[in-house]
Amino acid sequence: MRKIFLGLVAVMMFVCQTAMAMTPSPQWVKNLPAARDSEQMVVVAGIQGTTAWISMHEKINGQWEQIMTTPGFIGKNGLGKVKEGDNKTPVGTFRFDYAFGIAPDPGCVIPYVQVNEHHYWSGDWNYKYNQFVDDREAPANFDKGNSEHLIDYNPHYVYGLNMGYNAECVPGKGAALFMHCFGPVKPWTGGCVGLPEAKMLFVMQHVRPGCACVIDSLQNLGGKL
1 MRKIFLGLVA VMMFVCQTAM AMTPSPQWVK NLPAARDSEQ MVVVAGIQGT TAWISMHEKI
61 NGQWEQIMTT PGFIGKNGLG KVKEGDNKTP VGTFRFDYAF GIAPDPGCVI PYVQVNEHHY
121 WSGDWNYKYN QFVDDREAPA NFDKGNSEHL IDYNPHYVYG LNMGYNAECV PGKGAALFMH
181 CFGPVKPWTG GCVGLPEAKM LFVMQHVRPG CACVIDSLQN LGGKL
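Heads up: the sequence shown is residues 1 to 225, going by the working numbering.
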């Protein structure tokens, strides 16, 4: 699997370096239901195992344009998240609703928080499950052990976007599902979507409120590379 991914990276990085201009979005992207009520989309198309093809699209003068593409990683156990700890990436259409990172604000239109030692993403079933938490404002019994101490996840959380999964914050359904930079070793995530830091920076600098995040297998999305 790692060899497949590295081969894909090599080919697609060459493509990206030689053709960085905007191109019309593929027809299958234009046909996605989210394209009817969105002005921006990030499409995460699972290819095989933990590998995904990620693309960003923007409606410009009424036409969908593809503005970024990159290979990336999804959950260790693939797609189809149903519960906390299953190491799967959720399938569906979500909306990015929170921007954060260890690095200073890169110029994100979505309000951005530069994280520090007080910041967590709650996995506490009894306090702000699946929400950003400042421990200075949390109760003494806040469960830090089951929450993510955001500043500890470097380089993963150099930049991050909450994908909007489990917006109802249902305990046990899953928390801390982000789009973020991928690490240097593991060719998979715990359920998030990982992409190269330079590509994540591009997303942070171009994403707008209301941007849809569409996730499924390439086959189910009706797509092809």
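In case anyone wonders, no lab produced these hints; they're calculated from the structure. For each residue, glycine too, the CB sits at the ideal point set by N, CA and C. Treat the hints with care, since some could be wrong.
To be verified - Calculated lysine-lysine pairs in the DSS-like style (CA-CA distance at most 30 Å, straight line): (1) LYS59 x LYS199; (2) LYS83 x LYS186; (3) LYS144 x LYS128; (4) LYS128 x LYS59; (5) LYS76 x LYS186; (6) LYS173 x LYS186; (7) LYS144 x LYS30; (8) LYS76 x LYS224; (9) LYS83 x LYS173; (10) LYS224 x LYS30; (11) LYS173 x LYS144; (12) LYS224 x LYS59; (13) LYS224 x LYS199; (14) LYS76 x LYS128; (15) LYS173 x LYS76; (16) LYS128 x LYS173; (17) LYS128 x LYS83.
Claimed, not checked - Here are the in silico distance ranges between beta carbons for each label pair: (18) VAL113 x ASN87: 33 to 43 Å; (19) GLU137 x GLN219: 16 to 26 Å; (20) ALA167 x TRP28: 23 to 33 Å; (21) GLY107 x LYS83: 34 to 44 Å; (22) ASP105 x VAL82: 13 to 23 Å.
Hint-by-hint comparison with the structure:
{"no.": "1", "hint": "LYS59 x LYS199", "verdict": "holds (19 Å)"}
{"no.": "2", "hint": "LYS83 x LYS186", "verdict": "holds (22 Å)"}
{"no.": "3", "hint": "LYS144 x LYS128", "verdict": "holds (12 Å)"}
{"no.": "4", "hint": "LYS128 x LYS59", "verdict": "violated (35 Å)"}
{"no.": "5", "hint": "LYS76 x LYS186", "verdict": "holds (9 Å)"}
{"no.": "6", "hint": "LYS173 x LYS186", "verdict": "holds (24 Å)"}
{"no.": "7", "hint": "LYS144 x LYS30", "verdict": "violated (42 Å)"}
{"no.": "8", "hint": "LYS76 x LYS224", "verdict": "holds (23 Å)"}
{"no.": "9", "hint": "LYS83 x LYS173", "verdict": "holds (4 Å)"}
{"no.": "10", "hint": "LYS224 x LYS30", "verdict": "holds (13 Å)"}
{"no.": "11", "hint": "LYS173 x LYS144", "verdict": "holds (18 Å)"}
{"no.": "12", "hint": "LYS224 x LYS59", "verdict": "holds (21 Å)"}
{"no.": "13", "hint": "LYS224 x LYS199", "verdict": "holds (21 Å)"}
{"no.": "14", "hint": "LYS76 x LYS128", "verdict": "holds (26 Å)"}
{"no.": "15", "hint": "LYS173 x LYS76", "verdict": "holds (17 Å)"}
{"no.": "16", "hint": "LYS128 x LYS173", "verdict": "holds (13 Å)"}
{"no.": "17", "hint": "LYS128 x LYS83", "verdict": "holds (17 Å)"}
{"no.": "18", "hint": "VAL113 x ASN87: 33 to 43 Å", "verdict": "violated (26 Å)"}
{"no.": "19", "hint": "GLU137 x GLN219: 16 to 26 Å", "verdict": "violated (45 Å)"}
{"no.": "20", "hint": "ALA167 x TRP28: 23 to 33 Å", "verdict": "holds (26 Å)"}
{"no.": "21", "hint": "GLY107 x LYS83: 34 to 44 Å", "verdict": "holds (36 Å)"}
{"no.": "22", "hint": "ASP105 x VAL82: 13 to 23 Å", "verdict": "violated (34 Å)"}
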